[in-house]
Amino acid sequence: EVQLLESGGGLVQPGESLRLSCAASGFSFVSYGMTWVRQAPGKGLDWVSSISEGGGSIHYADSVKGRFTISRDNSKNTVYLEMSSLRADDTATYYCANVGHAFDVWGQGTVVTVSS
Amino acid sequence: RVMTQFPANLSVSPGDTATLSCRASLSIATNLAWYQQKPGQSPRLLLYGASVRVTGVPARFSGSGSGTEFTLTIRSLQPEDFAVYYCQQYNNWPRTFGQGTKVEI
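One line per chain: the protein sequences are A and B, in this order.
Residue numbering for the first sequence follows the numbering used here, starting at 1 and increasing by one per position.
Residue numbering for the second sequence follows the numbering used here, starting at 1001 and increasing by one per position.
For reference, chain A alone in the conformation it holds in the complex:
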C-alpha cells in the first residue's frame, strides 16, 4: 500500500524556519517525482513545489520562491521542504503527494502555524 507520512509541522513565529519531511513507502520512490501542496484553513489547494525523480528538476510557486527549498533523499525514501522567513500567510496544512499521472497519492498532512 502506498503511504506518505508528513511530519515536522508546528507553531513558529514570523521570520522563523521549519523543515517538513515526508516519508514514503509502498512504491518505488526513486521512480516518482514528489510535490508539496498546502491548504490554508478553510481555503482551497495551493501548489507549493515539485521535485523530479532524481532531484534535477525543481519548481516553486512564486509565493515561496527564495524562501522554501525542496529536496529528497532517495536512500531514505523521504522528501523535504525547508521553509524559512515564514509569514502568517504560510499558515496551512502541508501535504506531500507523489507525481504519477497527476498528484496520485497524498499524505495526511502536517499543520504549520505561523503566529506571534
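Hints listed in this document are in silico derivations from the structure and should not be mistaken for laboratory results.
Treat the hints with care, as some may be off.
List of simulated lysine to any residue pairs, SDA-like, C-alpha gap at most 20 Å [stated by the list, open to error]: (1) A:Lys43 <-> B:Gln1041; (2) A:Lys43 <-> B:Lys1102; (3) A:Lys65 <-> B:Phe1006; (4) B:Lys1038 <-> A:Leu5; (5) A:Lys43 <-> B:Val1057; (6) A:Lys43 <-> B:Lys1038; (7) A:Lys65 <-> B:Asn1092; (8) B:Lys1038 <-> A:Glu16; (9) A:Lys43 <-> B:Ala1083; (10) B:Lys1038 <-> A:Gly109; (11) B:Lys1102 <-> A:Leu5; (12) A:Lys43 <-> B:Pro1094; (13) A:Lys65 <-> B:Gln1041; (14) B:Lys1038 <-> A:Lys65; (15) B:Lys1038 <-> A:Pro41; (16) B:Lys1038 <-> A:Thr93; (17) B:Lys1102 <-> A:Pro41; (18) A:Lys43 <-> B:Asn1091; (19) B:Lys1038 <-> A:Gly42; (20) A:Lys43 <-> B:Arg1075; (21) B:Lys1038 <-> A:Gln39; (22) B:Lys1038 <-> A:Asp46; (23) B:Lys1102 <-> A:Lys65; (24) A:Lys43 <-> B:Ala1008.
Following the hints, position chain B against chain A.
Relative to the frame of chain A, chain B by itself:
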C-alpha cells in the same frame, strides 16, 4: 494558467446528476486532473488526462473536455459523494488548482 471552477456551490439531492465545470485561462490540452476532498481528509485523485478514472473510482464519475473547457459529471449521486471537488492543470508550471466546487445536499 488560471483555473476557474463553477459553480462554487452546488446543491443536489442523492440520486441526482451533478455537473461541475472547470475553465483554463489558456489551453492545457487534456492535462487536467480532478480531486475529491471530504471534510477532515486529504484530497483524493479521481481522474487524470481529463477523462481517465483512477483505479477504484466508481463509473458514475466521468470527465470530459480538452483545451480550456472541462466537465466532471457525477451521476446518481451517493451520500459519500458530497464533498469539495478541485480541478488542477499539470500542463504548465506553476501547477494550478481551481478554487473548488462544494457539492452539498
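Evaluation of the provided hints:
1. A:Lys43 <-> B:Gln1041: 14 Å, holds
2. A:Lys43 <-> B:Lys1102: Status holds; Cα separation ~12 Å.
3. A:Lys65 <-> B:Phe1006: Outside the cut-off at roughly 30 Å; violated.
4. B:Lys1038 <-> A:Leu5: OK: lysine 1038 of chain B and leucine 5 of chain A at ~19 Å, within 20 Å.
5. A:Lys43 <-> B:Val1057: Violated. Lysine 43 of chain A to valine 1057 of chain B sits at ~25 Å, over the 20 Å cutoff.
6. A:Lys43 <-> B:Lys1038: 13 Å, holds
7. A:Lys65 <-> B:Asn1092: 17 Å, holds
8. B:Lys1038 <-> A:Glu16: 32 Å, violated
9. A:Lys43 <-> B:Ala1083: 14 Å, holds
10. B:Lys1038 <-> A:Gly109: This hinted pair holds, its Cα atoms lying about 14 Å apart.
11. B:Lys1102 <-> A:Leu5: 27 Å, violated
12. A:Lys43 <-> B:Pro1094: 19 Å, holds
13. A:Lys65 <-> B:Gln1041: Violated, at roughly 28 Å.
14. B:Lys1038 <-> A:Lys65: Distance ~30 Å between lysine 1038 of chain B and lysine 65 of chain A Cα, so the pair is violated.
15. B:Lys1038 <-> A:Pro41: It holds: about 14 Å lies between the C-alpha atoms, which stays within 20 Å.
16. B:Lys1038 <-> A:Thr93: 15 Å, holds
17. B:Lys1102 <-> A:Pro41: This hinted pair holds, its Cα atoms lying about 16 Å apart.
18. A:Lys43 <-> B:Asn1091: Roughly 23 Å between the alpha carbons, so the hint for lysine 43 of chain A and asparagine 1091 of chain B is violated.
19. B:Lys1038 <-> A:Gly42: 12 Å, holds
20. A:Lys43 <-> B:Arg1075: Given pair lysine 43 of chain A, arginine 1075 of chain B is violated - Cα atoms ~27 Å apart, limit 20 Å.
21. B:Lys1038 <-> A:Gln39: Judged against 20 Å, a Cα distance of about 13 Å means the pair holds.
22. B:Lys1038 <-> A:Asp46: 17 Å, holds
23. B:Lys1102 <-> A:Lys65: 30 Å, violated
24. A:Lys43 <-> B:Ala1008: 12 Å, holds
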